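As they're listed, the protein sequences go chains A and B.
Here the first sequence stands for residues 1 to 557, numbered as in our numbering.
Here the second sequence stands for residues 1001 to 1074, numbered as in our numbering.
Please note: incorrect hints may appear among the correct ones.
A partial selection of chain B residues facing chain A, derived with a Cβ cut-off under 10 Å [what the hints assert, rightly or not]:
1. Met1001
2. Ala1002
3. Asn1004
4. Leu1005
5. Pro1007
6. Asn1010
7. Glu1011
8. Asp1024
9. Phe1026
10. Tyr1027
11. Leu1030
12. His1034
13. Val1045
14. Gln1072
15. Asp1073
To be clear, the hints were calculated from the coordinates, so they are not data collected in a lab.
Quantities reported herein were computed from a predicted structural model and do not represent experimental measurements.
All residues carry an ideal CB built from backbone N, CA and C; glycine is no exception.
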Amino acid sequence: MLSTYQYPKYEYVRPPEQSGGGQQRYPVVVVGAGPVGLAAAIELAQSGVPVVVLDDDDTVSVGSRGVCYAKRALEVLDRIGVGQPCVDKGVSWNVGRTFFREQEVYNFNLLPQSDHKRPGMINLQQYYLEEFEVRRAKELPNLDLRFKNKVVSVNAQGAGATLQVETPDGIYTLETDWLVVADGARSGIRRMMNLDIDGKIFKDRFLIADVVMKADFPHERWFWFDPPFHPGQSVLLHRQSDSVYRIDFQLGWDADPEEEKKPEKVIPRIKAMLGDEREFELEWVSVYTFQCRRMNAFTHGHVLFVGDAAHQVSPFGARGANSGIQDTDNLCWKLKLVIEGKAPSSLLDSYSEERVFAADENLMNSTRSTDFITPKSKTSLMFRNATLSLAREHSFARALVNSGRLSVPAILTESSLNTPDSDVFGGDMVPGAPMDDAPMQAQGQDVWLLDNVGRRFMVLLYVKDPAHDSAELLKAFKTLASGPLAPELVLVSQKTGAAPQGIRVLEDRAGRFAERFDAKAGTAYLIRPDQHVAARWRALDTDKVAAALARATCNLP
Amino acid sequence: MALNLSPNFNEPGKRYFHAFTPGDDFYEALIDTHRDLNDEQSAMVNAKLVLLLANHVGDIAVLREAMRIARQDT
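Could you build all of it, start to finish, from the sequences and the hints given here?
Printed below as a string of structure tokens:
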């Protein structure tokens, strides 16, 4: 098969434990150097927590696997320094076409949301993302990335875990205060700890073919229900970078996976779909089934599960890698505060609580898509086809056509870390919501809001004039800022003006912040390090901020 | 009143953050209604549903328009 990609081979380095260094105890060990494990490790290391990453392989993901990275994941990747290479290498797509039998039912144009730094979605082969993350990880002196280090046993008891790790040099023992498990859907750690993951298996098989198109082909997403070239099933065509296209054929449960993978079987299928005149070559073929399931809790003592190890969804809607990256976004700041003694370990229970909520939303949405795409009864099929027939002419039916919903982050409305609103606000920036982006100016430069908030707790105070000094307020805030959680006060204003010494100002000249956050003079938002809204008020009261901060960190007395 | 052919699903008291959610909520409830029924039972449920909803709509001109569209391309 053709290859557009050279797999890097990362060097195995004998670990210090096997070089006469003796057994060591680490604050955090991450198992699994996939897109999610690496994101967790980079975020922790960047924020000053030393990390060891163990991976049994010495290269990136083989085959393209995850393909779509959505806006929220890109924003998190921006924070760990790999967003830009992903966007540069990835492809943006806007036009999606949906076909039913011979006819196009409708098409949509996913125009990027205006005044947001990142588009709704980019397509990129998973190996590129991992390669960029490895490159970033290697820049961090407190991140120890160990390839060819396979965990063969885990003993998780009390305040940490002891691991037996196998390398080409034999087996060594390693101790850690915290274990982050990112070893994927068939998690070895989860199995070794005898933890269950419950849900349902979908009785269907899908064939993935990544093909390299020799000629120009539209940069669009095409989805077929019951097409003439593959009757009774669905087919998806999606573009990736390097002129590689992902084709996904639904095969049905009775298909023989080994037989279906053979090029002599795959090539005629693709020819029937593209028409004989298009030249292409196969790059990667596999047959998969999938499950929708999650663990009961993602936190087990000092062992923390992230990504596919904790939850799996159907591929419709790109909620695998995207939700895994959001897990790390939620986990890392909490783990850092707990390690530093600034929050009790119960804060990590809120990681499980919030991400189980998000996983359930992802499971619900991907199960709904699956039920629409692969109806399980004659009646379901009838409703599906009726919806598609009506969709050509009627917008209400188009809204019901579900070939996968764009992965959007969960709005954590039920989180125990939120301080409920006591003032009246419009818009969607409710406590628990991930912040919307907005174009801002800082010190005469155009900047993005999301590049300038987060990583620590912040209070964004919307003011008429940043130069208008309210000495009393600033003095009260200084007391709060000198506490262990050290929230930063940032002024947001439509007007340019010199703020008091040491206070940052973000200028909202276009007014997008005011609009999206329903901000008026005096409005204050308490923002978590992961850019979620923790609380908001129409007037800043430092006692209320202190209470909300305590609630958001499980420090309430 | 003309037959409404624009997206129109909602549930009182529920707040939606995404446009696709109310329609998907409805569709899931519809498919769930038929769970574990055989084809004949499902057809009977559908017939009752049409009658219930038709009575709720009430306006026979609107119902005639819906029946006309439903018969097209069959």
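Evaluated hints:
no. : hint    : verdict
1   : Met1001 : violated, 15 Å
2   : Ala1002 : violated, 13 Å
3   : Asn1004 : holds, 7 Å
4   : Leu1005 : holds, 4 Å
5   : Pro1007 : holds, 4 Å
6   : Asn1010 : violated, 12 Å
7   : Glu1011 : violated, 15 Å
8   : Asp1024 : holds, 5 Å
9   : Phe1026 : holds, 8 Å
10  : Tyr1027 : holds, 6 Å
11  : Leu1030 : holds, 7 Å
12  : His1034 : holds, 5 Å
13  : Val1045 : holds, 8 Å
14  : Gln1072 : holds, 8 Å
15  : Asp1073 : holds, 6 Å
In summary, the structure is inconsistent with hints 1, 2, 6 and 7 from the numbered list given earlier, while agreeing with the others.
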